[in-house]
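Participant: Chains as they are written, first to last, in our numbering: chain A, 1 to 319; chain B, 1 to 439.
Simulated from the structure, these hints should not be mistaken for lab results. All C-beta atoms, glycine included, are put in the ideal place defined by N, C-alpha and C. Hints should not be assumed to be uniformly reliable.
Said to hold, decoys possible - Pair by pair, the computed Cβ-Cβ distance ranges are:
#1 M144/A / E224/B: 32 to 40 Å
#2 R410/B / G125/A: 41 to 49 Å
#3 E361/B / L166/A: 39 to 47 Å
#4 A427/B / G6/A: 44 to 52 Å
#5 I117/A / E89/B: 55 to 63 Å
#6 P77/A / N169/B: 53 to 61 Å
#7 E89/B / Y296/A: 49 to 57 Å
Unchecked claim - Far from chain B by the CB rule (all over 10 Å, computed), these chain A residues:
#8 L35
#9 Y47
#10 E134
#11 V243
#12 I244
#13 K247
#14 N289
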Amino acid sequence: MDFLNGILVKPFADMAAAPDFLLQVLWEGLVGGVLYALIALGFVLIYKSSRIFNFAQGIMVVFAALTLVGLHERGVPALFALPLTLLVMLALAMAIERVVLRPLVNQPDIILFMATIGITMFLIGFGELIFGGENKVMITRELMIPTDSFIFEPFGGFVSIEQKDLTAVVGAVFLVIGLLVFLNKSKIGRAIRALGDDHQAALSVGISLSTIWVIVWFIAGVIALATGIVWGARAGVSFALEVIAFKALPVLMLGGLESVMGAIIGGLAIGILEKVFEIYWGQPLLGGNTEAWFAYVLALLVLLFRPQGLFGEKIIERV
Amino acid sequence: MKTLLKTVVLSSVLALGVGIAVPAAAQDDSIYIPNLAYRTGPFAATGTPLMNGQRDYITLLNERDGGLNGVKLQYDECETGYNTEKGVECYEKTKARAVVTQPWSTGITLQVLPKSNVDKIPILAPGYGFSPMSDGKVFQWAYNPPSSYWDGASMILKHISDGNLDSLNGKKIALLHLDHPYGKEPIPLLEALAEKHGFTLLPIPVGLTEMQNQSAQWLQIRRERPDFVIMWGWGAMNAGAVTEAVKTKYPMNQFLGIWWSGHDGDLKLVGDAGKGYRSISWSVPNSETPLMQDIKKHVVDAGKSQISQAEGEFDSVFYQRGLMISIILVEGIKAAQEHFDVRAPNPDQLRWGLENIKLDEARLKELGAEGMLVPFSTSCADHTGHGGGWMLEWDGAKFVKASDILMPDRADIEPLEMEKAKEYAAANAPWPINEECKM
């Protein structure tokens, strides 16, 4: 009886008893969800245009953030370090296309996937060699990101909203809107979508595979930089940032690998639901740390009914 | 044909002889010290300064003194990324030449521990590993000086209760820990003490992928309002926790950590906002000691160190603790050299050496490291030494010493250590016990 009460009654009673705390939980979930969505977007863009599952997305986040902080440490002012980092990410995209992807055109997907594991290993070693393994402080203030917090007192309690989290949410919204406009309205965006739909058909109408791959990997690099700044501002910049890529996997399972909208909605849904579950069910009943598996269970449940994810394309192959 | 056969046979015998003689000579000329290091991966930020410290002390001895008693020390790193499987691979790869194993993770230590009786190579895990390794009669090949995790937990509780653990009755203490064998290590002792002294223990695990986004854990802390939060964090988890503590406005003077949660790099992220955070530590950084001046002169200024001078690594707690870890190992090797009158002790001889370390105040002064390490000594029955620790406090820019040496409550810990050691031996039977040790 106590167990049923713990599952069905107490969590909702707790929510009603401390609505300010519930608001805080929802806000934290939303911030986490936005960050998950950002990471997932990097995967989706590359998969959409080239059918490559980019294992290197996590280390790209680390590499972009380390480059930004590393340039600043070497005396480059923050506002110059930012465009310089973007240039580095562009150079990286060109190098990956030229050295890794181009020789592997028409190879099976698994070969391309293995190649991205190779890129990961290279970037880990290269990043360590150039920047060292120490935890570095993100140049939050230098980038003019506010670091104070807003305190609200709803329902007689309090809700604290970090200004840098708010900036992250607003920044991510603008980034996503910009990306959607770019993909849907620009010529290059249409070319990326055309490649995603059918490689052969896109090539036959003169779309350059090499150029599109460079652009897509560069956009993934921009997203990696944005993700690195936001996550780095929370707990420093180190190789530990790489593990956050694992948080994107259930988002991709839930939202579908080809869908930008799926990454956004999947990220937000997982961010909010895993936080609410952890606080009201996981911690009191299961000893906590349910965030490590909750998203995967949720994604698996969705896959039972929609194997292509919520927004993924249904693939029908006829023999 | 006969001559040719003779030549071949003679050449083979000679080659075999040289083949045997060369490694023997090489072994006598150097002592191979592998380190299962992690300079990459999620824990690199805390691993790197420690490895730099270990490496630099060995470099100092080779550069300044020509080695140890005339024998060069050959320091070698095998990268594990703090990954248990890779750590075991590194152990297997290095064990043929190793005089010691430095596993550098509680997970790796637990994997390697059963192999130690078979391979007969000492495991040196200063300030980490399985706390009951202290029982030298059961764990003949494992050493965790100068203080174990359970010593650390006991010292923290003594400090926050002003020495009277009964005063914690009715209080709530949260243990914010990495969800990993290392993070779970203090739980058996803390549970036993909670029952004995009437406080509530609230373990709060942090998963690997949640290290940098601990909002759920700190929302729990906000809801539960514990009187103290004790952190058993590592790598990026420490930085994630202190930033969340600042965000949650949890009082820093009620937030304490074990020695691996007292890294300058983590606290620098919050600067002044982290003032008052404390960490128990069996080492204290002091860059003015003769040892540190020698390190600067012979290693750092000579361009033989890998430390990052721009980030003040030389003065940091972890870099200087890395030096202390190598001091402990070298004292063990030196004891073995002198006792067995050999240039390069073998693993079995080093086992004796590690059981006979005597690092008292006089010896630390002689090494130029006075006040940098808690004095301690080991024996065949006591593989930890239980030297205690100081409380360090973050002053906004660096860690400073905030207490005299605190000692663990051994009366509470020892019975549990013996019980768990026995349980371990029974679970891994047949497990050899050192019957020769009469202490």
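Participant: Find the hints from earlier in the document that the structure breaks and name them by number, from lowest to highest.
Facilitator: Violated: hints 3, 4, 5, 7, 8, 10, 11, 12, 13 and 14.
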